[in-house]
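Asker: Line order of the protein sequences matches chains A and B.
Quick note: our numbering has the first sequence finishing at residue 444, numbered continuously throughout.
Quick note: our numbering has the second sequence finishing at residue 314, numbered continuously throughout.
These aren't lab readings, by the way, just hints derived from the structure by calculation.
A few of these clues could be false.
Claimed, not checked - In silico DSS-like pairs for lysine-lysine, Cα to Cα no more than 27 angstroms straight-line:
# : chain 1 : residue 1 : chain 2 : residue 2
1 : B       : Lys75     : A       : Lys422
2 : A       : Lys182    : A       : Lys260
3 : A       : Lys259    : B       : Lys85
4 : A       : Lys422    : B       : Lys17
5 : B       : Lys85     : A       : Lys287
6 : A       : Lys198    : A       : Lys182
7 : B       : Lys75     : A       : Lys260
8 : B       : Lys173    : A       : Lys422
This structure is a prediction, so every number in the text was calculated from the model and none was measured.
Spelled out, the chains give:
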Amino acid sequence: MNRKLSFLISIIFIAVFALSACSTAAPTEAPVVATDAPAAATEAPAEPVVITWWHISTKDPALSSWQKMADDYMAAHPNVKIEITVLENEAFKTKLTTVMQSGEVPDIFQSWGQGGMIEQVNAGLLQDITDELDANNGEWRNSLGALDAFAVNGRNYGVPWDMGAVTFWYNKDLFAQAGIEKTPETWSEFLEDCEKLKAAGITPIAVGEGDKWPGMHIWAYLVSRIGGAEAFAAAADMSDARTGSFEDPAFIQAGYELKKLVDGGYFQEGFLGATHDDMQAAFGNGKAAMILGGQWSPSVQAANSADLQGVKNLGMFNFPAVEGGAGLVTDIVGGGNGFAIGKDAEPEAIDFVKYLTSLENQIIIAQDNTGIPVAKGAEVGLTDPNMVMVSQAVANSTYYQLYFDQVLPSAMGGIINDAVQKIFAGTATPEEVCAEIEAGFLAQ
Amino acid sequence: MSLFSTANHSGIPSGSKNSMRRITNSLGIFLFLLPGLVIFLIFVIYPIFRSIYFSTFDWNGLGPAVDNVGIQNYKDILTDKVFLKSIINVLIIIVLSLGIQLPLALLLATLVGRDLPGRAVYRTIFFLPYVLSEVNAAIMWMLLFNADPERGLLNGILVALNLQPVGWLSDMKVVLFSVFIALTWKYFGFHMLLYLTGLQNIPTEIEEAACIDGANSFQSFFHITLPLLSSTIKTSVYMSVLGSIQQFILVWIMTKGGPVNASETMATYMYRFGFVRFDLGYGSAVAIIMFIFCVVFSLIYQQLTREPDYLTGL
Chain A
1 MNRKLSFLIS IIFIAVFALS ACSTAAPTEA PVVATDAPAA ATEAPAEPVV ITWWHISTKD
61 PALSSWQKMA DDYMAAHPNV KIEITVLENE AFKTKLTTVM QSGEVPDIFQ SWGQGGMIEQ
121 VNAGLLQDIT DELDANNGEW RNSLGALDAF AVNGRNYGVP WDMGAVTFWY NKDLFAQAGI
181 EKTPETWSEF LEDCEKLKAA GITPIAVGEG DKWPGMHIWA YLVSRIGGAE AFAAAADMSD
241 ARTGSFEDPA FIQAGYELKK LVDGGYFQEG FLGATHDDMQ AAFGNGKAAM ILGGQWSPSV
301 QAANSADLQG VKNLGMFNFP AVEGGAGLVT DIVGGGNGFA IGKDAEPEAI DFVKYLTSLE
361 NQIIIAQDNT GIPVAKGAEV GLTDPNMVMV SQAVANSTYY QLYFDQVLPS AMGGIINDAV
421 QKIFAGTATP EEVCAEIEAG FLAQ
Chain B
1 MSLFSTANHS GIPSGSKNSM RRITNSLGIF LFLLPGLVIF LIFVIYPIFR SIYFSTFDWN
61 GLGPAVDNVG IQNYKDILTD KVFLKSIINV LIIIVLSLGI QLPLALLLAT LVGRDLPGRA
121 VYRTIFFLPY VLSEVNAAIM WMLLFNADPE RGLLNGILVA LNLQPVGWLS DMKVVLFSVF
181 IALTWKYFGF HMLLYLTGLQ NIPTEIEEAA CIDGANSFQS FFHITLPLLS STIKTSVYMS
241 VLGSIQQFIL VWIMTKGGPV NASETMATYM YRFGFVRFDL GYGSAVAIIM FIFCVVFSLI
301 YQQLTREPDY LTGL
């Protein structure tokens, strides 16, 4: 009798479970029908639109500024609802990869352009917005710079909102202490200065090679100084007409020049395991004289320093020219941030991105020190003298080389980072490192 | 006959009633298991088969997988020096765990399991690291291991004692041991808890009897406590080995498997290829190899540690 009872109860439980599962599904479908019908019938003034937007500015002031721009836009367009998802950089990359497999991309999302974007375009996940850029005699296009970084075969799938440069940042007091009067313009001057700093008991350069990419930029700059724009472009060519290789002399020589810094002992103690924050802290605390870093460096080194003030007398100089190299001292390696447009984005989403990159909002980005604005005329918003220096370096650049790992397919970033770390660790020769990168490239 | 008669008390012919009851019984069991089974099939079994399927592709995760490369991924993995290095690293971590971490946990369990004053406090303290999130633990150890003596506590102490600072996370010969220290700190509390419950199941009468017979505490520990704890130790060794094979979060956050693969584990290797280099087919193949490792280990371990069952004669 007991068993029969328990059996009966179990049947009821399962039935309830099954029925409740069905019943929850039903109501969700109903409203969709309900909202569609009146819109189609009455031609309502504006159909409600939901825009999904993923960005990676997890900290203020950028976080609040983006929110305010969205709020203002929603206030001006009552039919538009903007759903913002804020993700940390690495979490964003992982989550984006996952949703892309399902083909469910957000309408607007963080992008670094080029390599990763090319793959997304080839997978049919992005929307071509070239026509919108060119509308009204190219009103939107002409208002922005650096659009090429977000174009694939001449068609734009996104727009930038920040474009900076990687440069050397240095501590003027430590340079003076070591008796260095002017910033180096050539590689041999640079090496001499490193030697002078070391002799004065100062760590010349801090690098966060545990995170790999900070050190990779030193190698990337050396490649671009030695081989000029052509060496990298020829090696990174994905077409059958590829003329270059990552084993070309420029890449190998770059490895040997980098090795001089390692062998000279110019990096801080424990650089191989140091993070990017560690490197910024060493510089911000005045324990190292230089770092190679992007436009974010002045604020990050201050945030990581013990007194939160960072270096008192901060200076900046371009990566020195390598004697006999094809690259100029004014060539810039850099990159920035932009927004890509997902394939299912409504026209309102594109209009919203246009609003985000408008002059007034770009000036806010500049004033907040969130980035180097790309809208023409927005540089007036830059108040920080360090940002003005970066902005000028970009404006005066003879050639703008986007970060290597952004130009190449996304897998290559990891491969180059892993390979170049071996030069820092001294576990492989520059030839072996270049061979590894070339093999990785051919496998793509 | 007795079984038969107890089942036959209601007067219905016993054979049909018995088989019907058996059917309703198993039907009941099946229905109760159904929701769990469905979830298990969808979230465990199905992904395993998907991974096996994807592991035969050269696929970057964008769009459908079309480039079938057969077993090439497996060939590449098993001939990759970095993967072999990660296996060696995992073996080192397993040996260190079994040789240092578990004995330490056992020692502490016997200490705090007995009449130590304030043992509840110690128990809580020792168990605390296990409750802490792995990410927090990893970041905390990164701060302690920081190479800069002014920022890292351990090097700060070494420098204060006029000793050479150690490149805890930057020296390729040291980094694996630094990771192991953090792993031990994080997980010994869990094993200690296992041993504590095991110790509670040992009847005090046996220990008292040994004591009366003149056994000292060492003899009592090695001849009574240890043998009676054997099934707990087996469980703890099993979980420790499987945990070492799958270890990821602490290592990835502290070292990313570096410098230059010096602290690479199989799981960080899988992540590197699956999610850093976006080679999801290759990453899936690594996952399958790890899965095979775990299954093979489990089967062998169960065979080796099976207690002879005198009752059934097996």
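Asker: Hints first: check each against the structure and report whether it holds.
Answerer: Each hint tested on the structure:
1. B:Lys75 x A:Lys422: Holds: Lys75 of chain B and Lys422 of chain A sit about 24 angstroms apart, inside 27 angstroms.
2. A:Lys182 x A:Lys260: Holds, at about 22 angstroms.
3. A:Lys259 x B:Lys85: Since the Cα atoms of Lys259 of chain A and Lys85 of chain B sit roughly 25 angstroms apart, the hinted pair holds (cutoff 27 angstroms).
4. A:Lys422 x B:Lys17: violated (75 angstroms)
5. B:Lys85 x A:Lys287: violated (35 angstroms)
6. A:Lys198 x A:Lys182: With a Cα-Cα distance of about 17 angstroms, the restraint between Lys198 of chain A and Lys182 of chain A holds, given a limit of 27 angstroms.
7. B:Lys75 x A:Lys260: violated (37 angstroms)
8. B:Lys173 x A:Lys422: With a Cα-Cα distance of about 15 angstroms, the restraint between Lys173 of chain B and Lys422 of chain A holds, given a limit of 27 angstroms.
When each numbered hint is compared with the structure, violations occur for hints 4, 5, 7.
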